[in-house]
Structures are given as C-alpha cells and as structure tokens.
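Based on the sequences and whatever the hints tell you, model everything.
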Amino acid sequence: MTNTTVTFNGLASARIDMRWLSEAMTQSYTADQTNKLTLPVGNKKIEVGELFNISGNFTNNTVQLEGCTPKLDYIGHALPKGAQLIVTGDCGHYLGAQLAGGKVTIIGNTLDFAGCSMREGMIEVKGNCADYLGGALPGHKKGIAGGTILVHGNTGNFTGDLMRRGIIMVTGDIGDYCGSRMIAGTITNLGKIGKQAGMGMRRGTLLLPELPEDMASTFTNCGRHNLGYLTLLLHQLRSHDSEFKSLHSMRRRVQKYMGDTSVGGLGEILIWIG
Amino acid sequence: MAIKLTGGEIYDPAHQVDGKKQDLYIVDGKVTHELPDNEKITETHDLSGCIVMAGAIDLHTHIGGGKVNIARTMMLEDEHAHPHHGTHVCRSGNGHIVPSTFSTGYRYAEMGYTACFEPAVLPVNARQAHMEMADTPMVDKGGYVLLGNDDFLLSMLQKNVSQSAINDYVAWILDASQCIGIKVVNAGGVHAFKYNQRRLDVDESGPAGITPREIINKLSRAVHELGVSHPLHVHASNLGIPGNFKSTLATMAAADGLPIHLTHIQFHSYGTEGDYKFSSAACEIAEAINAQPNVTADVGQIMFGQTITTSGDTMMQYFGHEHAHPKKWTVMDIECEMGCGVIPFKYRDKSFVNALQWAIGLEIFLQVNDPWRVFLTTDHPNGAPFTSYPHLIKLLMNRSFRNDAFSIIHEDAQKMSNLASMDREYSLYEIAIMTRAAPAKILGLTSQGHLGKGASANITVYRKQDDVEQMFAKPTLVFKNGTLIVRDGEVIEVVTGVTHVVKPEYDMGVEKSLSKYFDDYQTISLPNFKISTDEMIECIGSEVEVHPCTPK
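Read top to bottom, the protein sequences are chains X and R.
Take the first sequence: its letter number 185 is residue 185 in this note's numbering, and every next letter is one higher.
Take the second sequence: its letter number 155 is residue 155 in this note's numbering, and every next letter is one higher.
Do not take every clue at face value.
Unchecked claim - Here are the simulated lysine to any residue pairs, SDA-like style, with alpha carbons at most 25 Å apart:
no., chain 1, residue 1, chain 2, residue 2
1, X, 141, R, 82
2, X, 36, X, 7
3, R, 394, R, 489
4, R, 328, X, 202
5, X, 141, R, 322
6, X, 141, R, 73
7, R, 4, R, 492
Since the hints were derived computationally from the structure, they do not count as laboratory data.
Structural data, given as structure tokens:
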C-alpha cells in the first residue's frame with residue numbers, strides 16, 4: 001500500500017492551523033475533498049489545495065507530511081488509534097495535542113506544547129523540543145495523561161508541566177522546571193537537567209542521571225535505594241529504538257529525593273548511582 | 001445624502017409606535033421621518049416583511065475591567081475552543097463565554113446591539129476598563145463606578161458627614177472615573193469580608209459600624225440629588241443565599257422611595273421553603289417591584305451550560321467557590337476599594353438549584369407587569385453569555401416553547417415553580433421596550449433607544465420569521481449612527497462607539513481631604529487617579545459623550 005503524502009509549498013503568510021489534516025485522516029477524505037477544505041490564514045480564507053499538494057487519498061492510516069515548517073501548528077491533533085503521521089521538517093506549536101492513540105513521528109524539531117494534554121499514543125521527535133513538552137493545553141488542568149513521548153534530542157523549560165500519566169523520555173538535556181506541577185507519571189533523560197526540577201510536583205517520578213541544578217529545599221534526601229520496579233521500567237524504556245537501550249537492563253540503585261513537600265511531597269526524584 | 005428605509009414595520013415604544021408601517025430616512029447619522037429639502041436619496045432599502053427597531057441597549061454586561069481579563073485568562077480552554085478568525089474587516093479573536101474585546105463588539109453588533117454598559121468599574125481600575133472598552137468596537141459604552149465598600153466613603157459615613165459632602169465625593173468619583181452611574185455591590189459586605197465576616201445583612205452593622213441600609217440610603221440620595229439619570233445600581237446583599245428575598249425587599253426599602261435599580265434580581269429572589277430549603281420568591285419580588293414605581297430591575301437570567309461568574313462581591317464569590325467547575329477560582333481585594341471574585345460555573349438543568357434559578361428568572365420576567373421597569377439581561381457572563389439573548393427572548397415570547405423547556409428540567413424544581421401556569425407571552429412591542437426604550441430612558445440616553453426625529457440612527461432590522469430566536473440572532477441590517485455595519489448577521493463595516501458619561505457639578509473642596517487620603521493610603525497620587533476627557537480621547541482612544549444632570 002502506498003503512503004499518502006502531503007507536501008507544504010511554504011507559501012503561507014501567517015500561521016496555519018493543521019487540524020484539517022487530522023479531520024481528513026479520521027474522516028478518510030479523498031484528495032479532492034481535502035483540497036476543498038477552507039483554511040483561515042491571517043484574515044483570509046483559502047483552500048487547502050492552494051498551500052498543500054496532496055497525493056493519494058486518506059483511506060489508509062499512514063500519512064507523510066513533507067516540507068513542514070514551524071508555521072504549521074496542531075499537526076497530528078487528536079489522532080485516534082491506528083493513525084500514523086510521519087512529518088519531515090520542523091513543526092510549530094501544539095504538535096500532537098490531545099493525541100488519542102495515534103502515532104506521530106517528526107524528523108525535525110518542534111516548538112512549544114508538543115504532546116500537550118495527549119491521552120494515549122506515541123510521539124517520537126528526532127530533534128529538539130521547545131517548552132511545555134507534554135504540558136497542558138492553555139486553561140486545561142492536566143498535561144499528558146497517557147502514552148509515550150520519546151525525544152532524540154533536548155527539550156526546553158517546563159517539560160511535563162501538569163503531567164498526569166505516561167512517560168516522557170529525553171535522550172539529551174532537559175531545561176528548567178522539569179516536571180513542574182506534575183500530578184503523576186514518569187520523566188527520564190540521559191543528559192543534563194536545568195534548575196528547579198520537580199517544582200510543585202505532587203506525585204510522579206523524575207529518573208535522572210545527575211542531580212538537577214538548584215534543587216529546591218522542599219525536596220528531602222531519602223538516601224540510597226535498591227528499587228526492584230526499576231528493572232520493569234527499564235524493560236519498558238529499552239523497548240524503544242533509542243539511546244535508552246544503552247542503560248543496563250538490571251540497573252536499579254538510585255539516590256532518592258521526595259518532594260515537593262510544599263504540595264504534599266509524594267513525588268520522587270531518582271538519581272542513578274553506579 | 002439620505003438613506004431611505006421603506007416598508008418596514010416600526011416598533012418604537014418611546015413614541016407608542018407598535019408595528020406601524022412607516023418610512024424612515026437617515027440623514028447625517030440621524031433619523032428623520034420626512035426627507036428634508038435639498039437632500040437626495042442615495043440608498044434605499046426595501047424592508048417589506050421586516051421589523052424595524054432602534055439599536056438594542058444592554059445596561060448590564062461585564063465587558064471590560066480587571067475581572068473580565070482574569071476570566072479570559074482563567075478560561076483559556078474556552079478561548080482556545082472558540083477561535084474567531086479575522087476577515088477583511090474584522091480582527092481575529094476568540095472565546096464564547098468571555099470573548100475577547102474585539103469579538104465582544106462584533107458579536108453584540110451581529111445581534112443588533114449598539115450600546116453596552118459595564119456595570120463594575122472600580123475607580124482605581126477605571127483607566128484599564130476604559131481601555132478595554134475602547135478596544136470593543138461597534139457599540140457605545142459606558143460604566144457604572146463602584147462605591148459602597150471603599151474606605152473613604154465608609155469613613156465619611158462613620159464621621160456622619162453631611163449629605164452634600166457625600167454628594168460631592170460621588171460626583172467627584174463619577175467625574176474622575178468617566179462613568180455614567182454609580183453601582184453598589186453588596187454594600188459594606190465586601191469590606192466586612194476583609195474582617196473575616198462571611199455574611200452581612202441589610203440592617204447589620206459591619207466592621208465600620210455602618211449598615212448596608214445606611215450606605216444604600218446615602219448613595220441613592222446622592223445620585224438623586226446630583227441629578228444623575230441612572231438610579232443607584234444595586235447588587236443587593238446575600239447574593240445566592242436561600243431566603244435572601246428578605247434582604248432584597250429591605251434593600252428596596254432602603255432607598256426611601258428614591259429611584260433604585262436592583263440588578264440581576266434573579267440571584268436575589270430565593271426563599272427557604274420545600275424539602276431542599278430552597279424555593280422561588282419571584283412572586284414576592286415581582287409584587288414589590290409592581291407596587292413601588294421607584295424600583296427598576298434587570299433579571300440576570302441563567303441559561304444552562306458552562307459559563308464563568310465574575311463579580312466584585314468577594315464575600316459571596318468566596319461562599320460559592322466550592323462549586324467551581326472546572327475547579328479553579330480566584331478571590332481578591334483591590335486597593336481597599338472593592339474586591340473581585342472569578343469562579344467558572346456550569347449551570348445544569350438536572351440540578352435542582354440551577355433548574356429552579358432558571359425558572360425564577362423567567363417567573364420574574366412574567367410577573368413584573370411593567371416592561372419599562374424590567375430589563376433583559378443574563379448578567380453576562382454570570383448567568384450566561386450575552387449571545388444567549390435570542391434564546392431568552394424566545395422563552396419569553398413563546399409559551400409552548402417555554403413549557404417544553406420547563407418540562408425537561410429537574411422534576412422537583414418543576415414542582416416548586418408555577419412557571420407552567422403563566423400564560424403571558426411578551427409581544428415584540430414589549431421586547432422593544434425592555435431592550436431599547438426602557439434602558440435608554442433609565443440611562444438618560446435621549447438620542448438612543450427610539451426612532452423619533454433627531455434620534456441617532458442606531459437601527460436594527462429583523463426579517464420576520466416564525467422562529468424569533470433565529471430572527472433576533474441574525475438581524476438582516478444594523479445601522480450605527482447611519483452607517484450600515486451588519487448585513488445578514490455578519491459585520492461588514494467596523495465602527496467605534498463613544499463612551500457615555502455624566503459630569504455632575506461638585507465642590508472642588510472635596511479634593512482637599514481626598515488628596516490627604518490618597519497620599520496616606522493609595523498606590524497612585526490623586527492627579528494620576530483622575531481620568532480627564534483629553535486622556536479618554538487622546539490616550540485611551542474613545543470619544544466621550546456627556547449627558548446632562550439636573551440637580552434636585
């Protein structure tokens with residue numbers, strides 16, 4: 001089966017809301033139907049066909065988006081189970097927002113709010129992400145509530161803000177305020193981590209290779225632990241094709257910090273030992 | 001250059017015109033009934049099959065000021081879910097419950113409204129409120145400035161100063177804040193809340209030793225004696241509390257027969273009967289309004305669905321914060337002048353209390369006999385967003401539609417309401433009164449709300465339809481000062497309205513004591529506090545129309 005390919009011609013004067021692509025994928029539109037969808041661009045309404053070249057119909061579940069630029073927001077918004085989107089190029093804001101089981105792969109970087117308020121599915125970014133990765137849509141009270149985000153690069157500030165469930169895996173560095181206001185879930189990385197990690201976290205786990213800069217005084221050092229469940233977690237982390245495979249599968253010794261005690265303090269920051 | 005509107009049925013209650021077919025002309029932005037000599041008709045609109053009314057006026061809608069912005073930022077999910085894309089004339093915006101400023105103007109114009117009044121302008125926030133309103137295009141604006149919980153007025157009352165000194169302060173505040181009326185929110189109650197008091201009844205002394213009755217009495221007298229057209233605009237005590245109708249009746253009595261306007265009275269018409277200890281007191285309230293010609297009221301009807309409540313009444317907002325939906329809220333004090341509480345709320349038809357609130361609002365509409373003294377509002381956004389007005393009009397005009405809606409609300413609420421037995425159906429003439437003529441009259445807008453000779457050409461034309469909701473939601477033509485701004489429910493030209501204000505006379509000596517108060521307690525100095533007319537025009541960006549006061 002040949003893939004459906006959507007190519008952006010890059011001629012937009014303003015930001016573009018890409019929710020039409022999710023609509024076309026979930027409704028299995030033909031190329032003709034899709035070309036005629038109207039799209040607000042700045043103060044004008046234009047047809048999708050004027051900005052995108054579509055080859056093939058949206059009757060199969062895998063779609064390739066080529067020539068993507070940071071002007072395209074809401075790529076892969078709320079894609080359901082079974083839908084797969086492969087994006088080449090850098091993406092705009094709200095990539096994979098409210099994802100509902102689909103899979104989005106980006107060969108490029110993303111702007112803010114990637115994977116925000118997603119419920120299920122997988123986002124794989126072969127590049128860097130900006131702020132609020134896996135955070136909450138503005139106004140919403142929960143960030144990522146399920147699924148996996150895998151970033152083969154670095155992420156910005158407030159990674160996993162208001163995270164509720166799921167896993168965020170980052171092979172590179174994470175910016176400041178990682179896991180801020182986290183409700184539950186797991187964030188792990190292999191590189192450095194910025195200031196004030198876990199600020200306001202209620203529950204959840206940050207699994208890190210080294211201590212964050214400026215660790216808040218509201219985290220309590222609970223000593224060294226040998227946690228059996230980490231073996232299970234590592235099995236999950238190593239199941240993806242990424243640098244996480246380099247972690248030894250039986251590793252489970254960590255230094256444990258509990259916090260943020262200002263909001264209950266049931267969260268944990270685990271630092272690998274040895 | 002004249003525009004001729006021919007063949008339409010005119011509803012102009014200010015001149016007792018009830019559906020008469022008559023031609024109208026628009027010359028230089030004014031209405032006239034005969035074509036003046038030397039004028040040529042450049043444009044004719046055939047309005048056969050259409051209803052012609054003056055532009056509608058909303059006398060109580062929260063469209064500007066700090067709390068609206070807090071609501072906008074708090075309900076980002078609403079803003080996010082309702083994007084309004086720009087067109088070749090309109091700017092983009094968003095939001096359904098609390099739309100952004102530009103969208104607010106466009107949506108009002110698309111429903112045929114040409115003037116809106118923000119009822120809660122804090123003196124210290126007046127500059128920001130006017131700036132937001134200046135960014136609200138299409139409609140004329142105005143504000144009611146809040147008094148009654150500010151330290152300065154309470155200290156004046158403590159010292160038992162003369163009525164004329166209070167009049168001077170009230171007039172000064174109106175002048176300094178560029179407003180058209182005075183509003184009191186839970187008189188003394190917001191002040192008492194800061195002293196940990198959770199209730200304050202009308203005849204109960206607050207921490208300053210002053211009762212709400214005294215505050216309302218002094219302020220209503222001040223407004224009356226200064227000759228301000230709009231009576232004291234009162235948000236009574238005990239909002240939302242079962243049994244609060246007694247406080248509402250006491251508040252009406254506190255005015256001592258002087259004009260008083262009770263706002264969102266639906267929220268103040270609750271009894272304590274029945275198994276739920278919550279019942280309708282609409283009958284008592286409507287009877288009181290019918291019996292006292294000095295009392296006017298707007299209803300503040302609720303509609304089912306998600307909305308957000310924004311109020312200066314921190315005491316009652318704090319009381320209601322546990323019902324926030326979604327669970328986020330804020331309550332704050334603002335510069336010891338007033339407070340602000342913002343709580344999202346979802347009214348549900350299957351909730352006994354919400355269902356009965358809905359019925360109480362309609363009961364008040366149907367039991368107040370004089371449409372000149374009851375106004376159509378939802379206290380936007382507290383009861384519902386203003387975009388639900390057409391639906392509300394249909395509920396008032398169509399008994400069977402109303403009864404169908406009534407039959408699906410909470411069953412126990414149906415048993416506690418006599419709404420189904422009410423036969424009254426509002427006529428188009430009465431709707432024109434309560435949305436046009438009466439608000440213009442009570443606000444002292446002599447050139448608005450009617451279609452007499454010389455009136456501003458704010459005209460709304462509806463194509464007659466069986467479904468009045470559809471009809472009122474999408475006027476076929478709307479003129480603002482003679483400019484065609486809306487065609488078939490869509491904005492085709494953007495105009496800016498003016499800000500309506502009053503400037504009663506006062507003794508400048510009041511600034512002497514105020515100056516000391518500002519130096520000692522306020523965060524800005526007195527000269528910076530005052531908003532001049534020049535500032536309104538040159539910096540804030542809104543022309544000012546001053547309405548005369550006739551001191552008594």
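Verification of the hints:
no. : hint           : verdict
1   : X:141 to R:82  : 18 Å, holds
2   : X:36 to X:7    : 16 Å, holds
3   : R:394 to R:489 : 18 Å, holds
4   : R:328 to X:202 : 17 Å, holds
5   : X:141 to R:322 : 17 Å, holds
6   : X:141 to R:73  : 13 Å, holds
7   : R:4 to R:492   : 19 Å, holds
Checked against the numbered hints given earlier, the structure satisfies every one of them.
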